[in-house]
Amino acid sequence: MKRAVVTGIGVVAPNGLTTDDFWAATLEGRSGIRAVDFGDTRYSARFGGQIVDFDDRRHIPSRLLPQTDRMTRLALYAAESAFRDAELDPEAVAGYDSGVTLSNAAGGFALSHRELKKLWSEGPKAVSAYLSFAWFYACNSGQLSIRHGLRGPSAALVAEQAGGLDAIGYSRRSVRRGTTMMLTGGVESALDPWGWVSHISSGRVARPDAPERAYLPFSSEAAGYVPGEGGAVMVLEDKDEADAREAPRRYGEIAGYAATFDPAPGTGRPAGLRRAAELALADAGLTPDQIDVVFADGAGSLDLDRAEAAAITGVFGPRAVPVSVPKSLVGRLYAGGAPLDVATALLSIRDNVIPSAPAAVDLPQDYDIDLVVGTPRRVPVDRALVLARGRGGFNSAVVVTAAA
Amino acid sequence: MSASSSELTIDSLRAILVEVAGQDESFDATTDIAAMTFDELGYDSLALMELSATIEKRFGVAIDEEELTNLSTPEALVLFVNGMLAEAS
Chain X
0 MKRAVVTGIG VVAPNGLTTD DFWAATLEGR SGIRAVDFGD TRYSARFGGQ IVDFDDRRHI
60 PSRLLPQTDR MTRLALYAAE SAFRDAELDP EAVAGYDSGV TLSNAAGGFA LSHRELKKLW
120 SEGPKAVSAY LSFAWFYACN SGQLSIRHGL RGPSAALVAE QAGGLDAIGY SRRSVRRGTT
180 MMLTGGVESA LDPWGWVSHI SSGRVARPDA PERAYLPFSS EAAGYVPGEG GAVMVLEDKD
240 EADAREAPRR YGEIAGYAAT FDPAPGTGRP AGLRRAAELA LADAGLTPDQ IDVVFADGAG
300 SLDLDRAEAA AITGVFGPRA VPVSVPKSLV GRLYAGGAPL DVATALLSIR DNVIPSAPAA
360 VDLPQDYDID LVVGTPRRVP VDRALVLARG RGGFNSAVVV TAAA
Chain G
0 MSASSSELTI DSLRAILVEV AGQDESFDAT TDIAAMTFDE LGYDSLALME LSATIEKRFG
60 VAIDEEELTN LSTPEALVLF VNGMLAEAS
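Chains as they are written, first to last, in numbering that gives the first Met the number 0: chain X, 0 to 403; chain G, 0 to 88.
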């Protein structure tokens with residue numbers, strides 16, 4: 000069976016506009032969570048993982064600006080970074096042997112909001128024709144496919160925060176079926192006012208006084224999460240092809256993937272995260288003791304954190320594996336979150352270091368997890384498990400291993 | 000918003016195109032675009048819909064979708080719009 004390796008990573012995150020900047024910030028504990036300025040102070044939640052200093056006009060061709068929401072612009076930028084990192088010329092791989100499968104959870108909110116405003120204030124004829132597709136979840140995949148001529152199997156997967164892992168699993172399947180190169184991952188941005196109130200409506204967004212207290216997964220003071228924007232796009236290649244072209248970077252292999260769905264509330268059946276983890280491990284042909292780190296979903300709410308801690312200890316045993324939640328520095332990036340965690344896992348493997356959560360996290364002892372807190376932990380890392388849950392019952396898990 | 004009665008020119012058309020649909024490498028400020036097709040200029044059907052909506056808003060001239068498919072170059076479109084303006088005045 001063909002194997003899929005990541006040969007290029009393009010990160011765009013609230014604490015780093017490049018993969019290197021993001022990784023340095025992550026290891027130094029530099030947060031990208033900040034007060035979001037809407038020009039209106041009435042919102043009940045104020046802090047978001049916001050990307051600042053992204054110069055659209057510099058990074059996005061003029062032809063694409065009118066027809067792209069911010070989420071798509073960030074995705075185009077991240078994909079370009081990934082191609083550069085892979086030292087792969089997009090024109091050389093264009094055709095039916097290359098595809099793109101990304102995840103997206105919300106669609107293009109800022110552009111849609113702007114056009115709706117025109118609809119109500121100026122009438123239907125003022126609405127941009129580009130709204131017809133620029134709002135749509137599949138737009139990131141679509142615009143990348145068009146821009147780079149990626150005519151092979153392509154898709155857009157939607158599963159809130161879990162979808163990013165599903166996109167990666169789906170892309171691995173495409174590689175196994177014969178597509179030599181897949182762009183994969185996810186990028187999200189819905190921090191305009193309409194997107195913001197949509198996030199708040201989940202009832203799970205934190206409302207603290209200060210950004211550093213806003214999002215504390217696995218803390219006794221966990222009181223919600225912070226929405227963020229960004230994500231990661233990665234180049235996934237057939238391992239034989241990557242070896243043949245002597246790809247300069249082979250970060251690791253997507254060794255295992257699984258997805259489960261929670262039972263209906265009130266049935267008494269357990270949530271599906273633990274089963275997703277176990278299935279992903281089995282898919283990778285690994286036992287729990289072979290995993291060096293777990294990158295947790297980190298919902299940031301007491302009940303969900305407790306459930307995740309129980310799932311982790313259920314699979315691994317109490318305090319048996321280091322647990323890392325680097326998203327505490329950037330927020331929950333929806334479809335971009337889990338791909339960013341996969342990228343982080345690959346960087347952890349490359350550099351043998353596990354990022355830490357801020358020291359402010361007061362871990363309840365009865366969670367029984369070995370949460371890496373305060374300073375990064377320098378240990379050999381060869382195999383990582385990444386977990387993600389999506390609101391509504393989605394659970395996904397991916398196992399990444401060092402490239403052989 | 001009342002329609003302007005002044006004529007559409009190739010230059011003002013170029014400015015509107017760049018404003019509503021951006022610009023790719025197929026032309027720059029010095030290119031004589033008059034006889035190039037919109038396709039050659041990198042503008043697809045949606046870009047032309049945007050163009051048409053803006054012309055209607057600023058010049059008061061409506062171009063129906065079928066007519067639009069026949070106007071394949073800037074000079075054809077400029078001639079058409081100015082013709083409609085002349086008829087109206």
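Honestly, the hints are just simulated from the structure, not real lab data. Treat the hints loosely; a few may be bogus.
[What the hints assert, rightly or not] Restricting the straight-line Cα-Cα distance to at most 20 Å, the calculated cross-link-like pairs of lysine to aspartate or glutamate (DMTMM-like) are:
(1) X/Lys124 with G/Asp43
(2) G/Lys56 with G/Asp27
(3) G/Lys56 with X/Asp282
(4) X/Lys1 with X/Asp367
(5) X/Lys1 with X/Asp191
(6) X/Lys238 with X/Asp381
(7) X/Lys117 with G/Glu86
(8) X/Lys124 with G/Glu64
(9) X/Lys238 with X/Glu86
(10) X/Lys124 with G/Asp38
(11) X/Lys1 with X/Glu121
(12) X/Lys116 with X/Asp239
(13) X/Lys238 with X/Asp282
(14) X/Lys117 with X/Asp239
(15) G/Lys56 with G/Glu18
(16) X/Lys238 with X/Asp96
(17) X/Lys117 with X/Glu220
(18) G/Lys56 with X/Glu121
(19) X/Lys1 with X/Asp282
(20) X/Lys124 with G/Glu65
(21) X/Lys124 with G/Glu55
(22) X/Lys1 with X/Asp242
(23) G/Lys56 with G/Glu6
(24) X/Lys238 with X/Glu121
(25) X/Lys124 with G/Asp23
(26) G/Lys56 with G/Glu66
(27) X/Lys117 with G/Glu6
(28) X/Lys124 with G/Glu66
(29) X/Lys1 with X/Glu240
(30) G/Lys56 with G/Glu86
(31) X/Lys124 with X/Glu114
[As the list claims (entries may be wrong)] So the derived list for chain X, only partly shown, Cβ under 7 Å to chain G, looks like this:
(32) Arg57
(33) Ser61
(34) Arg62
(35) Leu64
(36) Pro65
(37) Gly391
Computed from a predicted structure; not experimentally measured. Even for Gly, the Cβ is constructed at its ideal location relative to N, Cα and C.
Next item on the list: Hints the structure violates: just list their numbers, smallest first.
Entry: Numbers 2, 3, 4, 5, 7, 10, 11, 12, 14, 17, 24, 25, 27, 32 and 37 - these are the hints that the structure violates, sorted from lowest upward.
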